[in-house]
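Keeping the supplied structure of chain A fixed, place chain B upon it in accordance with the hints.
These protein sequence lines are chains A and B, in that order.
Residue numbering for the first sequence follows the working numbering, starting at 4 and increasing by one per position.
Residue numbering for the second sequence follows the working numbering, starting at 4 and increasing by one per position.
If you are wondering where the hints come from, they were derived from the structure by calculation, not from laboratory data.
Which chain B residues face chain A? A few, computed with CB under 8 angstroms, are given here:
#	residue
1	Tyr81
2	Asn102
3	Gly139
According to the in silico footprint, chain A covers these stretches of chain B (three or more CB under 8 angstroms from chain A):
#	segment
4	127-138
5	281-287
We treat Cβ as the ideally placed atom computed from N, Cα and C, and that holds for glycine.
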Amino acid sequence: MSEKKYDAIIIGGGHNGLVCANIIAKKNKKVLICEARETCGGLANHEIINYIPSIPNSVTQSIGGLNLQYNPKGSIALSESGRHIRLIGNQHIDHATISNFSTQDADRYLEFDNKMTQFSKTLGGFMMDPPPRVMNNSFSDYLKLFKLGFNVRMMGKKRFNEFARMIGLNIADELEDNFESVLLQGLIAHDAVLGSNLGPRSPGSLINLLYRMAIHGNSLFGGIYEIEGGSNKFISVLLDKCSKNNVEIKTSASVKNCLIENDRAIGVELHNGEKVFGKTIISNADPRSTYSSLLGSQNLDTDVKRRIKHHRSKGRVAKLSLKLNKIPEFNECNNDDLNSRMVISPSIDYIEENFNPSKFDKLSSEPVLEICLKNNNENPSLDIQVQYAPYKAHGGWENIKDDYVNSIIKIISKYANNIENCIDSKTLITPDDLEKNYHVSGGHWHHGEIQIDQLFMLRPIPGAAQYKTHLDGLYMCGAGTHPGGGMHGISGKNAAKVVLGDL
Amino acid sequence: MAIDLRYSALKKTPFHSRTSLASRTNHWYTWNGFTVPTEYSTVELEYTAARNGTSVMDLTPMGKYEITGEEAHAFSDYLVTRDLSEMKDNTVAYIIWCNEDGKVIDDGTIFKYSSNKFMLCCAVKIYNWLNDSAEGFNVKIEDVTDTIAALSLQGPTSCSTLKNYGAIGLESLAPFEMKEFNIDGNNVLISRTGFTGDLGYELWIDPKNAEATWDAIFDAGKHLKIRPFGMNALEMTRIEAGFIQTNTDFMAAEDALRPVRMRSPYEIGMGWLVHFKKKNYFIGKKALKKEKEMGSTERCLVGLDIDGDKPAHGSVIYNSKKEDIGIVTAAMWSPTMKRNVALASLRRPYGIKIKDNIFAEIYHPEEIEYRKIWAKCKVVKRQFYSPERRNKVPADLYE
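Isolated chain A (complex conformation) (with noise of 0.2 angstroms):
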């Protein structure tokens, strides 16, 4: 065995990753990250990210403060009309914009921001700690349940009613019995898909939003930032906490698989042949690669083998980057509006007709967009997130990405009519690109989706949650593990802390 043995290596530098690492070395422990790509960051890397959550409080103070300036970001749902939806977060702003449509709309909405509110807290308080741990009877665990389910009943029966209803349904029909204008249903809709593997109109899309919300500070429309300097930013801070905390880094550092001993994981051995040992490997893979690979198929019982099966991780998001050499002209956009998050997705039945064909790993003429422009220095871009590109294209993704790339374009002309002049350079990176260069399996920006039976104490899979594996001595503090995807760190937390305890 090598001299050298670590409390903790953390496989994948992602921001989980190196949250993870930064608390558990502030308790002077020794923390090594093997990072396979030749830089840390992850998906939080502004090839992938727009706009992220402001981190929470739990997360900032447990690394010791983080140093990063927010710019709130306002939604805009484009119309071909040149009639927009602007949305900010701002509960008075937002009633006075939606009555220049419709004052009824104006009204249901406070309405529907008020339920919408109330649940995602109930459920956000839940969120942030680790959640209880099924299969496993403790006294802790069934307490944790116990409140979960005392705070949604003390909502009032009414409430109550309300939430068991909503909790299964669709984003759709809660939108159709409110709102009569198709443009702010297509804006809410396309937040409660964005990221996952359904339509409007499939069950459990409300519940997807409730998550958002959860993570965006309770907020339909407030709550989204994006970092001075860009999600880059918040990498380099954490590693500049890394470099403080005495972490040490290898990148370039590919693991092939946990090395075990007596049933338990004692180090990792990488794919140049090098061993490394630890007290403790924590892995901020997807849950997938975490058991299929690093874990070995050949080390799980057959039940558990079943279940990373059913493990849903297929990725419906392509990231598309346009170089500009001046700034398109959007009908009816100030520069305010260039600065907002700029949605194309005009109705509900545009974003259902849009996902249809992904079900058949086809690709739809017209996506789904969210658009960011970014101007803060010489060469401008649009950072665009386009729903639903398939994990793998029918077709194969190579013979059809560029015809893709120019229906994209097309659609953006609609709104801006001299987008293709300003266009220097296009790169569009598929969720299977997101595979194999950021070495997250089927693609998921959330490393698995976001449902009623992949969430809290199901996530990722029964008997795994509480951020430890089914082997001894391996844990996990990614996306995948419970509260899940978004940019906050706070998988990484709360990870840290179970390791710490067993350290």
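Relative to chain A, chain B alone:
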């Protein structure tokens, strides 16, 4: 949907033309989708053949799965709790396998042809379980239930019958060994295995030779008290031998509706088949190790020797304070041993530390009335019957 009555939903085994001729009672049951005789004539006669002559049972419905590929040996070792790493070619091993909670799914036998080829036999269908378990192993699982016909020949004259039939040198085959014979130009695989606790063999043959083989064997054994043998007689012999039957003595973990009904190997007397010293992981190891370390085993499966001669079918077992401590899972009056025996699942420490002052409440049916009997029981070894000839090499021969 209308049922097309021109076709039977039940499968017939390749021996069906012969078993149906032999049936005098028309008692059949379904086993894995096949129809096979429950008994041919009377259970007593069939039982007597197994203990004094040769009994012949159609085993074809038994689940048979071929495991082939580079990692067939490693996979088999991973699948079961027993250490198979040292298993030799052309041998058979009795095995159990568990789920992730360390609860027993089923028992069976595994045949090793070579390190690239194994065959697993068990009473129920487990293709899905095998296939899902095989993920991550370079193996292929194939259900060969329909492509291999199987016969079981058990009893003191079984070796002689098979020798007459053409299995030259069979007597030197040791228990749990197997060997391929060429008889009348056909390959016949014979293993010295069985479910009666006596001298006995199982034959694995090509279905197209099934009828000819049946005929030839009955010819070869006609002076050796040969008789076809059904499920009811098997139940008697297996109880005497102390063998367990899935879903009779314990609920298969995959079938049990109530989690508390699932049993670990330690609870059904199969602890001896759990080998933690195996080099590699096996399914259920984590849970079983925990159970062993915590000593959390709740029940045990024991043999009972019961006073009197009335079988204690389904009896509740009590301690001296008349507290319910378990249940009889299988019971019989043993004609060979003249003993009233039973298998019982008891709540520990009864059966392990406390073996005396145990009572069975027997309801003995007497022409539409029950006679209630309070019978004293003694905890004994589960293997009630094990004659010396069972393991003798060379096996006994009769003219």
